[in-house]
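Novice: Sequence:
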Amino acid sequence: GSGHRGGRLVSAGGDSIQGSIDPSYITWAGTWSSLSPAYDGLVGRARRGGSDGTQLVPNLALSLPDITGNGTRYAFRLRQGIRYSDGTLVRASDFRRAFERALRAGLPWDQWTSPLVGADACTTRPRSCDLGRSIRTDDATGTIVFQLRRPDPGFVRKLTLVTPVPRGTPYRDLGTRPVPSTGPYMIESYVPGRALTLVRNPHFRSWSGTARPDGFPDEIELRLGALNRPV
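Note that the sequence shown covers residues 178 to 408 in the numbering used here.
Hints are computed from structural coordinates only; laboratory data are not their basis. Keep in mind it's a predicted model, so treat the numbers as computed, not measured. Beta carbons are placed, not taken as given, at the ideal position from N, Cα and C, and that holds for glycine. Treat the hints with care, as some may be off.
Unchecked claim - For each label pair, taking beta carbons as the anchor points, the in silico distance ranges come out as:
#1 Thr245 - Gly345: 31 to 37 Å
#2 Arg185 - Arg304: 42 to 48 Å
#3 Arg182 - Ser228: 25 to 31 Å
#4 Thr387 - Gly248: 38 to 44 Å
#5 Thr301 - Gly386: 30 to 36 Å
#6 Arg344 - Ser228: 37 to 43 Å
#7 Arg310 - Pro330: 28 to 34 Å
#8 Arg182 - Gly258: 19 to 25 Å
#9 Leu351 - Thr318: 28 to 34 Å
#10 Gly227 - Leu351: 35 to 41 Å
Assemble the whole structure, with the sequences as input and the hints as a guide.
Specialist: Written out as structure tokens, the structure reads:
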């Protein structure tokens with residue numbers, strides 16, 4: 178309950194983080210769980226125990242998508258007023274930027290991008306990647322529409338691992354430099370192979386107790402590699 182709020186949590190774990198903490202670069206590497214308190218997708222898994230925790234619920238989106246076109250068109254509406262940890266407003270176009278950024282870097286995002294219209298061209302010519310045909314966004318209305326070449330029953334679940342990237346973020350791997358986050362926590366410091374420290378995001382406000390409740394501890398420190406080091 179509310180009485181648990183505050184304090185510092187130290188955990189031995191996060192051993193799968195080897196180098197970069199850039200969200201576009203860690204998603205495919207299987208290291209997402211350690212940074213999930215900081216980053217959000219349009220949808221997420223319900224923050225509940227047991228089998229209820231496998232249910233997909235709206236996160237940065239107002240609702241689950243409106244699916245039309247025989248399962249090839251997914252339309253979302255972004256929540257208003259969500260800010261990154263640096264105070265910048267989250268915009269619909271930030272999601273298209275996240276996909277294009279990964280493809281321009283040549284990352285193995287095939288399972289996320291292969292159904293998208295025009296993704297093949299980004300694979301062959303990554304530096305000129307343009308997903309305007311497959312991800313249409315309107316910052317004024319907060320709409321995001323994905324157009325797929327073919328139906329993909331797992332597409333919504335894949336979006337749980339795609340986090341928005343704010344305007345001005347370089348298209349290269351930022352390595353140990355944190356990308357602004359949307360969750361209840363933000364990255365305060367990172368020492369590769371040693372420790373990752375998360376602190377409260379001052380711009381976070383819980384928009385859904387099911388999708389993104391407020392965190393309990395004020396600070397979380399993950400001791401990287403601690404499970405493999407002698408005591």
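Novice: Give a verdict on every hint.
Specialist: Status of the hints after comparison with the structure:
1. At roughly 33 Å, the beta-carbon separation of Thr245 and Gly345 lies within the given 31 to 37 Å, and the hint holds.
2. For Arg185 and Arg304, the hinted distance range of 42 to 48 Å is satisfied, since their beta carbons lie about 44 Å from each other.
3. A C-beta distance of roughly 27 Å is found between Arg182 and Ser228, which places it inside the suggested range of 25 to 31 Å.
4. Checked against the hint of 38 to 44 Å, the pair Thr387 and Gly248 fails, with Cβ atoms roughly 26 Å apart.
5. For the pair Thr301 and Gly386, the supplied restraint of 30 to 36 Å is violated, since their beta-carbon distance comes to about 44 Å.
6. As the Cβ distance of Arg344 to Ser228 is approximately 39 Å, the hint placing it in 37 to 43 Å holds.
7. Between Arg310 and Pro330 the beta carbon distance is about 22 Å. The supplied range of 28 to 34 Å is therefore violated.
8. The hinted window of 19 to 25 Å between Arg182 and Gly258 holds, with their beta carbons roughly 23 Å apart.
9. The supplied range of 28 to 34 Å is met by Leu351 and Thr318, whose beta-carbon atoms lie about 30 Å from each other.
10. The hinted range of 35 to 41 Å is satisfied by Gly227 and Leu351, whose Cβ atoms lie roughly 37 Å apart.
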